[in-house]
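Undergrad: Model the placement of chain B on the given structure of chain A, informed by the hints.
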Amino acid sequence: MEAREIIIRPIISEKSYRAIDTNRYSFEVNYRATKPHIRAAVEEIFNVKVIGVQTINVKPKPKRRGAHAGVTRRWKKAVVELAPGNRIEFFGAT
Amino acid sequence: MKTTLSERDGNTVKLTVEVSSEELQEAFDARLRRLSREARLPGFRPGKAPTAMVRRRLGDETILIDAVEERMSGWFSGAMAELGLEAVDHPQIDLEGELPELDRPLGFKATVTVMPEVALGEYKGLKVPKEPVVVEDSEVDTQMDRLRNEFAELRPVTGRGVQKGDFIAADLRATLDGKPVEDLEAGDYVFEVGGERVFAEVEEQVVNMSIDEERTFPVVLPAAFPDDLGGRTVDFTVRVKDIKERELPPLTDKWASEISEFATLLELRQEIRNQIRAGKERAAQQRLIAEALQAAVDNTQVDLPEVMVRNQAEEMLADFKRSLESQGGTLEGYLQAAETTVEQIIETMKPRAANTVKTGLVLDAVAKAEGLEATDEEVSALIAQMAAATRTDVKALENRLRKNGRIEPLREQIVRDKAVDFIAGSAVAEEPAPLDFSIPESVKAAMAAKSASADAPGADSPAAAEAEAPAETPAAAEAEAPARDQAVGNEDMARDAAAEQS
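Protein chains in written order, with the numbering used here: chain A, 1 to 94; chain B, 95 to 596.
Don't read these hints as lab results, they were simulated from the structure. This structure is a prediction, so every number in the text was calculated from the model and none was measured. Be careful, since some hints might not be right.
[Stated by the list, open to error] Which residues of chain B face chain A? A few of them, derived with a C-beta cut under 10 Å, are:
hint, residue
1, Ala133
2, Leu135
3, Pro136
4, Arg139
5, Lys142
6, Ala143
7, Met147
8, Gly499
Glycine residues also receive a C-beta, built at the ideal position from the N, C-alpha and C atoms.
This is chain A alone, in the form it adopts within the complex:
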């Protein structure tokens, strides 16, 4: 898997924003990616030193629209902690 295939998008939300203060950045990642994959991909794309990766399998949520029942897609979220002094310019924020 290529790095760009692993990291799908940054998560921008109040919660993820708060985490940036402790040098942790959140991404949606390929569901099949493992922590070592993610570490390598982030280091490659953003040119930073990663010191920790936590992943979360986001469970599908039931949704219904009228008579049609369904679920949202399952996906994987990764929170990556960078070594002190490293930064990622998230959409110009911070």
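TA: Below, chain B alone, put in the same frame as chain A:
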């Protein structure tokens, strides 16, 4: 902020203003903070998104344009204050085709109409013609007659027919082509003959009829009569049931003491005379004030800006509209009936509006020149007075006025009233100039020419003697006519002044 007055043409002023980049930055930041407080971005609760993200999302340019729009009026009024000018209109702002940019000062030009300079003329000790207050006997008589009519009694009449001025009771009915018209039917209908309450034909026909007499005659209904009956002729039948005449009370001391607190007729007359005199004196005082004020206004040179006059005229139109609506009409209806347009009405109102505006400016200028001011106590007193007049709570009224920003206008009103008092107080009532009975030069010349052809030359003295008699009348009439015109104008003024005060 750097402000320069670049041009002044009469009441129109052109300003050049430069807003420093720091001020611009400050405006930008304030705008961004405000936007952030309510920005809705996905992933954030409303208003919780970081300003940096909001800025990125909206773009600097949008925010800056918003910021400039938001601050412009403040910058403009700051510039006006710096130059000590007062605008009377919305300024025309010209950014000179430049888009504002951060880190660069923003320059703009503003064109606006300002308060005109008021060149006060004489306003102290103005001489106002004094009109003698005279109560004519006939006026007292009229009043007495009215009083007698009020206390008149109705007496049944026997032995004669109906006369004009009688009150009669009659059964009325009408038929149209043999069919009764219900709307015109009335039993024991009481009316005064000559009181114009019934059709003219009825009043005419009823004269000389006696009790229980019945008469039928044709009546042409007025064009405005409802139910398509307008203009039709109906057969009208009147049957007189009762005749009463009005008996005026005799003019005696006894009557006087019965209807008034006065013991004699003479005293009653005197009281009526005094009342009429008091009324006339009040009117004369009003006229004096109005005339003095108008003189002060006329002595003053002001180049009135058109916008002020127009705004005033529009206000007057709004007043007019309100008064129409309070009587259940509409402005549209009026326009249709009078075949006119709003524009035309405004145009006709302009002369009066101009005078009102000018009067206000003069009063302000006088107040300033004389250092007239309104104290807080006077404002409170006025509010209390208003509260009493409208039966509202003083505190509630004051709060409401304060909320609507109506306190300052009140203060101005008090100051203006004081200025009116000042002008009127210092005015001197003057005996009117004696009427000019001298012969105008033109008449003299005509007379001389005439006599020269008729008489031998050198007949100067008889010609002059002859001329005196006929010349008197036109000269006197001429002298009176302008005086009357003026009086009418003053009434207008007094009305305006009264309207303003209310």
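Undergrad: If a hint holds in the structure, say so; if it doesn't, say that too.
TA: Each hint tested on the structure:
| no. | hint | result |
| --- | --- | --- |
| 1 | Ala133 | violated, 13 Å |
| 2 | Leu135 | holds, 8 Å |
| 3 | Pro136 | holds, 8 Å |
| 4 | Arg139 | holds, 7 Å |
| 5 | Lys142 | holds, 6 Å |
| 6 | Ala143 | holds, 8 Å |
| 7 | Met147 | holds, 6 Å |
| 8 | Gly499 | violated, 41 Å |
The earlier numbered hints that this structure contradicts are 1, 8.
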